[in-house]
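Trainee: Here the protein sequences line up with chains W and L, keeping their order.
The numbering used here puts the first residue of the first sequence at 72, with every later residue one more than the last.
The numbering used here puts the first residue of the second sequence at 13, with every later residue one more than the last.
It should be emphasised that the hints constitute simulated quantities derived from the structure, not laboratory data.
Check each hint, because a few of them may be wrong.
Derived coverage of chain L by chain W (criterion: at least 3 residues anywhere in the stretch with Cβ under 8 Å from a Cβ of chain W; other residues may be distant) [to be verified]:
#1 627–634
#2 782–790
Pairwise CB distance ranges, derived in the manner of DEER restraints [to be verified]:
#3 W:Ala-118 <-> L:Ala-734: 42 to 48 Å
#4 W:Pro-140 <-> L:Pro-795: 43 to 49 Å
#5 W:Ala-118 <-> L:Arg-666: 55 to 61 Å
#6 L:Ala-734 <-> W:Val-272: 51 to 57 Å
The structure presented is a predicted model; accordingly, all values stated were derived computationally and were not measured.
Note that CB positions come from ideal geometry on N, CA and C, so glycine has one too.
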Amino acid sequence: MSGERLCLSALFGLSLALSACDDPLVEAQIIEATRVLGARVSVENDAERAWPRPGERIQVSWLVAAPAPAPGFGWAFSACVAAPTTQGVPACAASPFAEVASQGITHEPPAFELVTPEEAALNGAERLLLQGALCVSEQPALAARLEDTRCEGERRLALLTVGIERDTGNRNPTLQDEPISFDGADWPAPSGDWLEQSECVASDAGPSLPLVTAGGPSPRIDARLSDSDREPLQRFGEPTFEELWLSHFADTGRLERALSIIEADSSELGVRVAWRPPRRVEAGKVARFYFVARDLRGGADWIVRTACVVP
Amino acid sequence: MRSKFAVFGVAALLGALFGEDALAQDAVAGGVVEPPRVVRFVEAERPPRASDAEASVLLELTVDERGRVEQAAVLESAGTDFDEAALHALKQFEFSPALKGGEAVRVKLTYRYVFPAIKTDDPAPTPAPAAKTPAPAEHTAAPKGSGVVAPDTDDGFGATAEVEAPPRTATRRSFKAAELSRVPGVRGDAIRAVDIMPGVLRGEPFDGGTPLIRGASPIESQVFLDGTPVPLLFHFGGITSFFQSRLLERVELYPGNFSARYGRITGGVVEARVRDLDRPGVHGMLDLSVLDSAALVEAKLSDAASVALAARRSNVDFFFEQFVPDDAYGVVAAPVYFDYQALGNFRLSANTDFRLMAYGSRDALRLVFSEPDESDPTLRGDVGGSIAFHHVNARVRSQIAGQVEHVTSVTLGFVDQSFSFGPLEQRLEAWELHGRSELGLRLSGSVDLDMGLDFRGQVASGRYAGPRPSGWDNTDPASDESPGLGETIQLEETGMDAIQPAAWVELVLRPVPRVLLTPGVRVDYFENARAWSVDPRLSARVDVLDGTTLKGGVGLFSQPPVWYELNEGVGNPRLDPYRALHFGAGIEQKLGPAAEVGLEGFYKRSFDRVVGTEGGRPPYLVNDGEGRIAGAELSLSLRPSPKTFAYLAYTLSRSERRDRGGPWLLWNNDQTHVLSAVLAQRLGKGWEVGGRFRYVTGNPETPVTGAIYDARIDQYRPVYGAVNGERQRAFHQLDVRVEKQWRISDLTLAAYLELINAYNAQNPVGTSYSYDYSKKESETGLPIIPNLGVRGEL
Numbered sequence: 072m073s074g075e076r077l078c079l080s081a082l083f084g085l086s087l088a089l090s091a092c093d094d095p096l097v098e099a100q101i102i103e104a105t106r107v108l109g110a111r112v113s114v115e116n117d118a119e120r121a122w123p124r125p126g127e128r129i130q131v132s133w134l135v136a137a138p139a140p141a142p143g144f145g146w147a148f149s150a151c152v153a154a155p156t157t158q159g160v161p162a163c164a165a166s167p168f169a170e171v172a173s174q175g176i177t178h179e180p181p182a183f184e185l186v187t188p189e190e191a192a193l194n195g196a197e198r199l200l201l202q203g204a205l206c207v208s209e210q211p212a213l214a215a216r217l218e219d220t221r222c223e224g225e226r227r228l229a230l231l232t233v234g235i236e237r238d239t240g241n242r243n244p245t246l247q248d249e250p251i252s253f254d255g256a257d258w259p260a261p262s263g264d265w266l267e268q269s270e271c272v273a274s275d276a277g278p279s280l281p282l283v284t285a286g287g288p289s290p291r292i293d294a295r296l297s298d299s300d301r302e303p304l305q306r307f308g309e310p311t312f313e314e315l316w317l318s319h320f321a322d323t324g325r326l327e328r329a330l331s332i333i334e335a336d337s338s339e340l341g342v343r344v345a346w347r348p349p350r351r352v353e354a355g356k357v358a359r360f361y362f363v364a365r366d367l368r369g370g371a372d373w374i375v376r377t378a379c380v381v382p
Numbered sequence: 013m014r015s016k017f018a019v020f021g022v023a024a025l026l027g028a029l030f031g032e033d034a035l036a037q038d039a040v041a042g043g044v045v046e047p048p049r050v051v052r053f054v055e056a057e058r059p060p061r062a063s064d065a066e067a068s069v070l071l072e073l074t075v076d077e078r079g080r081v082e083q084a085a086v087l088e089s090a091g092t093d094f095d096e097a098a099l100h101a102l103k104q105f106e107f108s109p110a111l112k113g114g115e116a117v118r119v120k121l122t123y124r125y126v127f128p129a130i131k132t133d134d135p136a137p138t139p140a141p142a143a144k145t146p147a148p149a150e151h152t153a154a155p156k157g158s159g160v161v162a163p164d165t166d167d168g169f170g171a172t173a174e175v176e177a178p179p180r181t182a183t184r185r186s187f188k189a190a191e192l193s194r195v196p197g198v199r200g201d202a203i204r205a206v207d208i209m210p211g212v213l214r215g216e217p218f219d220g221g222t223p224l225i226r227g228a229s230p231i232e233s234q235v236f237l238d239g240t241p242v243p244l245l246f247h248f249g250g251i252t253s254f255f256q257s258r259l260l261e262r263v264e265l266y267p268g269n270f271s272a273r274y275g276r277i278t279g280g281v282v283e284a285r286v287r288d289l290d291r292p293g294v295h296g297m298l299d300l301s302v303l304d305s306a307a308l309v310e311a312k313l314s315d316a317a318s319v320a321l322a323a324r325r326s327n328v329d330f331f332f333e334q335f336v337p338d339d340a341y342g343v344v345a346a347p348v349y350f351d352y353q354a355l356g357n358f359r360l361s362a363n364t365d366f367r368l369m370a371y372g373s374r375d376a377l378r379l380v381f382s383e384p385d386e387s388d389p390t391l392r393g394d395v396g397g398s399i400a401f402h403h404v405n406a407r408v409r410s411q412i413a414g415q416v417e418h419v420t421s422v423t424l425g426f427v428d429q430s431f432s433f434g435p436l437e438q439r440l441e442a443w444e445l446h447g448r449s450e451l452g453l454r455l456s457g458s459v460d461l462d463m464g465l466d467f468r469g470q471v472a473s474g475r476y477a478g479p480r481p482s483g484w485d486n487t488d489p490a491s492d493e494s495p496g497l498g499e500t501i502q503l504e505e506t507g508m509d510a511i512q513p514a515a516w517v518e519l520v521l522r523p524v525p526r527v528l529l530t531p532g533v534r535v536d537y538f539e540n541a542r543a544w545s546v547d548p549r550l551s552a553r554v555d556v557l558d559g560t561t562l563k564g565g566v567g568l569f570s571q572p573p574v575w576y577e578l579n580e581g582v583g584n585p586r587l588d589p590y591r592a593l594h595f596g597a598g599i600e601q602k603l604g605p606a607a608e609v610g611l612e613g614f615y616k617r618s619f620d621r622v623v624g625t626e627g628g629r630p631p632y633l634v635n636d637g638e639g640r641i642a643g644a645e646l647s648l649s650l651r652p653s654p655k656t657f658a659y660l661a662y663t664l665s666r667s668e669r670r671d672r673g674g675p676w677l678l679w680n681n682d683q684t685h686v687l688s689a690v691l692a693q694r695l696g697k698g699w700e701v702g703g704r705f706r707y708v709t710g711n712p713e714t715p716v717t718g719a720i721y722d723a724r725i726d727q728y729r730p731v732y733g734a735v736n737g738e739r740q741r742a743f744h745q746l747d748v749r750v751e752k753q754w755r756i757s758d759l760t761l762a763a764y765l766e767l768i769n770a771y772n773a774q775n776p777v778g779t780s781y782s783y784d785y786s787k788k789e790s791e792t793g794l795p796i797i798p799n800l801g802v803r804g805e806l
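Full structure from sequences and hints, please.
Mentor: Written as C-alpha cells, this is what we have:
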C-alpha cells in the first residue's frame with residue numbers, strides 16, 4: 072500500500088495551499104509577448120487526419136501570436152522519429168530526418184511540409200517529434216539539444232509529437248465551422264487585414280469587429296464544438312470520447328481563464344468565457360482573440376477573432 | 013517477546029539490586045554477580061481514597077532466571093490499599109536477570125515502592141496513559157538489609173534512563189508514549205513525536221507521514237503496530253496518527269541495523285507498542301480540540317479480562333469552508349477523518365494471555381474546482397477521494413516451561429481507497445494478511461535463541477488511470493512533473509497478489525557479562541518478484557565501563573519492489589528486490605543519574621534500487637539505482653528534576669543517489685543539519701509548559717532554467733538545471749504548549765493551548781512557477797496554528 076498512501080495527503084495539502092493562494096504569477100490567457108499557441112498537422116489531401124501513415128506527406132502549421140505591433144522573427148524546426156519516452160521532454164530516437172527554417176525574419180507563422188519516413192525507417196516507432204525554435208528579430212540555428220538553442224533576444228521553444236496511424240488514427244477537431252458568438256452576436260472571422268492592424272475607430276465596427284468600450288461591461292464569448300470533433304475512445308473497456316480542450320487567449324483585456332475543457336463524458340459541448348475589456352485605451356485598439364481546440368492526441372484547430380476597443 | 017527483547021537492556025538504570033542470598037553465595041564463591049535491572053517499570057495506581065501523605069511499601073521479590081517476578085511479598089506495610097497497589101505493579105515488573113559467571117540466576121531482593129506525598133498546591137500532572145493516577149510514584153530498591161540505595165524516579169518525564177537503552181540492537185531509541193505525548197507541536201500524538209529523535213529528518217506536511225529515517229525514502233521505512241505494518245500512518249499525511257496514544261506503551265525507533273525480526277525494508281523501523289490493559293476499575297477520557305475530538309473508555313472486567321474502546325473524529329469540516337476562497341473551488345465534502353481502536357486483553361491461564369484488537373482509520377475529502385488549474389489542468393472538476401483501512405488482530409502470548417516464550421499474532425486487514433483528479437482516477441480494494449509467530453528460548457544463562465515466522469499477503473483489485481509510476485527517489489526531476497505532462501496509462505485488474513513469507517533467527521550471546529552479541533539472519537521469499545533474499549545481521553554492545561557502552565552493527569537488508577511496480581501494465585515484472593548494507597557504531601554515556609549522551613556514526617549503501625528508465629522508456633523501471641548515506645547522530649537527555657524533561661537531538665548527514673550509472677546526486681530530501689530541542693517543565697499548581705524548536709537545512713531543489721511549449725497539450729515542459737543543485741532556505745520552527753490541570757476528586761480536567769509554528773516562521777516548502785516557467789516564487793509552509801482544547805479524565 073505504500074505507493075498510494077500519499078495521494079490523499081497531497082490532495083489535502085493541495086486544498087490548503089489553494090486556500091491560501093492568490094493570483095498566479097503570470098496569466099496564461101494574456102498575450103504579452105510573442106508566443107506559440109498551437110500546432111496542427113494535416114495529412115496531404117486529407118486535412119482532417121492528424122496522424123499520417125508511414126510515407127505520407129504532411130503539412131505542419133504553427134500558431135504564433137504577439138501583441139501589436141508584432142515583431143518579426145526567425146524560426147527553425149526539425150523532425151525526427153520519437154523515442155518511446157513517457158515523461159519529461161520528448162526525445163528523438165535517431166537523428167532528424169528533416170530540417171526546415173524560415174527565409175530570414177518574417178511575420179508569418181511557421182508552416183512547412185514533411186514526408187513521414189517509411190515503416191522500415193520508423194522501426195516500429197509510434198510517434199514523430201517536431202521541435203523548433205523562434206527567435207524574435209533573429210534567425211535561430213538549432214542546437215543538438217533543443218534547449219541549448221540560443222537567441223540574442225527573445226526565444227521560444229516548441230514541440231509537437233505526432234502519432235503514426237497504423238491500427239488507429241486521429242482526426243483534427245474543426246473549429247472553423249463551429250459557431251462562436253461575441254456577447255450573443257455571431258462573430259465571424261475578421262475581414263480585410265484587421266489581424267495585422269493595431270488601431271481602429273468606432274466606425275470600423277461590424278460583426279467581425281464588434282465594438283467594445285474600454286472599462287465597460289464584460290462581454291461573454293460562446294463557442295461550441297460538435298460531436299464530430301471528438302472521436303470515440305475506450306476507457307476501461309467502456310466507450311467514451313476524446314477530451315477536448317479549448318484554449319483561449321487575448322492580446323488586450325483579460326479573459327477570465329485560459330482553458331475550457333469538454334470532458335469525455337460530457338454532453339455539453341458549449342463553452343462560455345467572459346472577457347473584461349481593458350480599463351482604458353488612448354485610442355481605438357484592435358483586440359485579437361485566439362481559440363485553439365485540441366484533442367490531446369495531436370489533433371488541433373484554431374480560429375482568430377477581433378474586436379475594436381474604443382475609449 | 014517484549015520482555016525477552018529487553019532482557020539485557022537499560023544498562024545504567026539504577027535501582028534494582030540483588031538479594032542477600034545471592035550476595036552470600038557470591039561471597040562464598042568469590043564470584044561477581046551482576047544484579048538484575050529493571051527493564052519494565054509499571055507505575056502503581058495510587059489508591060483512590062488514600063491520604064495525600066507519602067507512603068512506602070517494602071517488598072521482597074523473587075526474580076527468576078528470566079527476569080520475571082516470581083513472588084512478591086510485603087515486608088513493611090503502608091496499609092492494605094497501598095500494599096495491593098504496589099504488589100499489583102511489582103508483579104508486572106520485568107528485570108534483566110541477575111548474572112553470576114555469565115549464568116542467569118534466581119535471586120531475592122527487597123524493593124521499596126514509594127508513593128510520594130501529594131502537595132495541595134500541585135495537582136501533580138497525570139502521566140498518560142494512567143488517567144487516574146494522581147501522582148507519579150518513586151520506586152527504590154535495595155539489597156535486603158542494606159536500605160535504600162538507588163532512587164530512580166520514573167514519573168511522566170522519566171524517559172531519560174530508557175531513551176537509549178537498546179536491549180540488543182546497536183541502536184534503539186525508545187520513548188514511553190506518555191512522554192512523547194507531551195512533546196509540544198505534536199498535539200499529544202506519540203507517534204508524531206518520533207521526529208524529535210536523532211536520525212529522523214523533517215518530512216513535509218501532508219507528504220504521507222512515514223518518517224524519513226537516516227536519509228532513506230519513506231518507502232524504505234515502515235511503521236509497525238506491535239509487529240503489523242501500518243498502511244496509513246497519519247490522517248491526511250500529517251495531522252495526527254491513526255492510533256490513540258493513550259493505548260500505546262512505547263514508541264521505538266530503529267534507525268538502522270535493526271533486528272532480523274523486521275524485513276522487507278531497507279531504511280528504518282518505527283514500532284508502536286500497544287500497552288496491556290492492566291488498570292483496575294473503569295477509566296475514561298474525553299479530549300475536545302479545534303482540530304478533532306477523541307474519547308477513550310477502559311475497564312477492567314475481571315482479573316482476567318480488560319477492554320478499551322477509543323475513537324477520534326476531525327472537527328475540521330465544521331469550519332473548513334470558512335477558510336477557502338469562494339472562487340477556487342466548491343467544497344462538496346470537507347476533509348473528514350476518523351479512527352477507532354477496540355482492545356480486549358484476556359488472561360487465559362497463568363502463562364497465557366490473549367489479545368483481540370480492532371482498529372481502523374478513514375480520511376475523505378472531495379472538492380469541485382470551478383476551473384482547471386492553469387499549470388496543471390488535471391486539477392479540475394471533481395477532485396477528491398478517500399482512504400480507509402480496518403485491521404483485526406489476534407495475539408496469543410504464552411510462556412512454556414519457564415524457558416520458552418511464544419507469541420503468535422495474526423492480522424487481517426482491508427484497505428479501500430478511491431481517488432480522482434479530473435480524468436485521473438485510482439480505486440483499490442485490498443485484503444491483507446499479516447502473521448507473526450515468534451519463539452524465544454533460553455538455552456543457557458548466556459545464550460538466548462529467538463526465531464520467528466513472518467508472513468505478509470495481499471489480494472487486491474482495482475483500476476487506475478494516471479501517470480505511469482516512475483520509481484521512488486528517481487533523480488530525474490521529470491518524474492515529479494504534473495500528471496498531465498506524462499503518459500497516462502489505464503489498468504483494471506483483479507487478483508493482484510503479493511505473498512511474502514519470511515523466517516528469521518537470532519542468537520543473543522553474552523560471552524562475558526559486559527559483552528552482548530546478537531547475530532541473526534533473515535530469509536525472505538517474495539512470491540510476486542519470484543526472488544529470495546538472505547540477510548545476515550550482527551549487533552554488538554560492550555559495557556566498557558559502568559555507564560559507558562560501545563555499540564556497533566552491520567547487516568544486510570532487502571526490500572521488494574512495491575507491488576504495483578511489478579505489474580506488467582505498470583512497471584517491470586522482472587524487477588528484483590533491492591538491498592542495503594548498514595554499518596553503525598557509537599557510544600552511550602551516562603552523565604550521572606540525570607543525563608545521558610549518545611553519539612553514533614552510520615553509513616548505508618544501497619544497490620539495485622528500483623529507478624525509472626531514462627525518459628520513462630520501456631521497461632520503465634529497472635534495478636539500476638544506488639544510494640550512499642553517511643552521518644552522525646548526537647542525543648542528549650537531561651532530567652535535572654522530576655518535573656523537567658529536556659531532550660536534544662542533532663543529526664549530521666549526507667544522502668546521495670545515483671541512477672543508471674550517472675553521477676552521484678544529492679537525495680531529494682537530503683538535510684545536512686537537523687536539530688531538535690525539547691523542553692517540558694512542570695511549574696506547580698497544575699501548570700505545565702513546553703517548547704520544541706527545530707532547525708533543519710533546506711531540501712535540495714532543482715532549478716528550472718527554461719521551458720519548451722508542447723503544442724499537443726498546451727503546456728510548457730520545464731527544462732532543468734543541475735539536479736538538486738540548489739537548496740531551499742533552512743527550516744526553523746518553535747512549537748509551544750501550555751497546559752493547566754485541575755483535580756476534582758477522581759476527575760482530572762485540563763485545558764491546553766498548543767501553538768504550532770509559534771513565531772509564524774515563513775518556512776519554504778517549494779517553488780511555484782508561472783505557466784511558462786518564466787517567473788517563480790517560494791511557497792511557504794503552514795503558518796502559526798493555534799490548537800485549543802480541553803480534556804477530562806476519570
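Trainee: Looking back at the hints listed earlier, which ones does the structure fail to meet?
Mentor: Violated hints: none; all satisfied.
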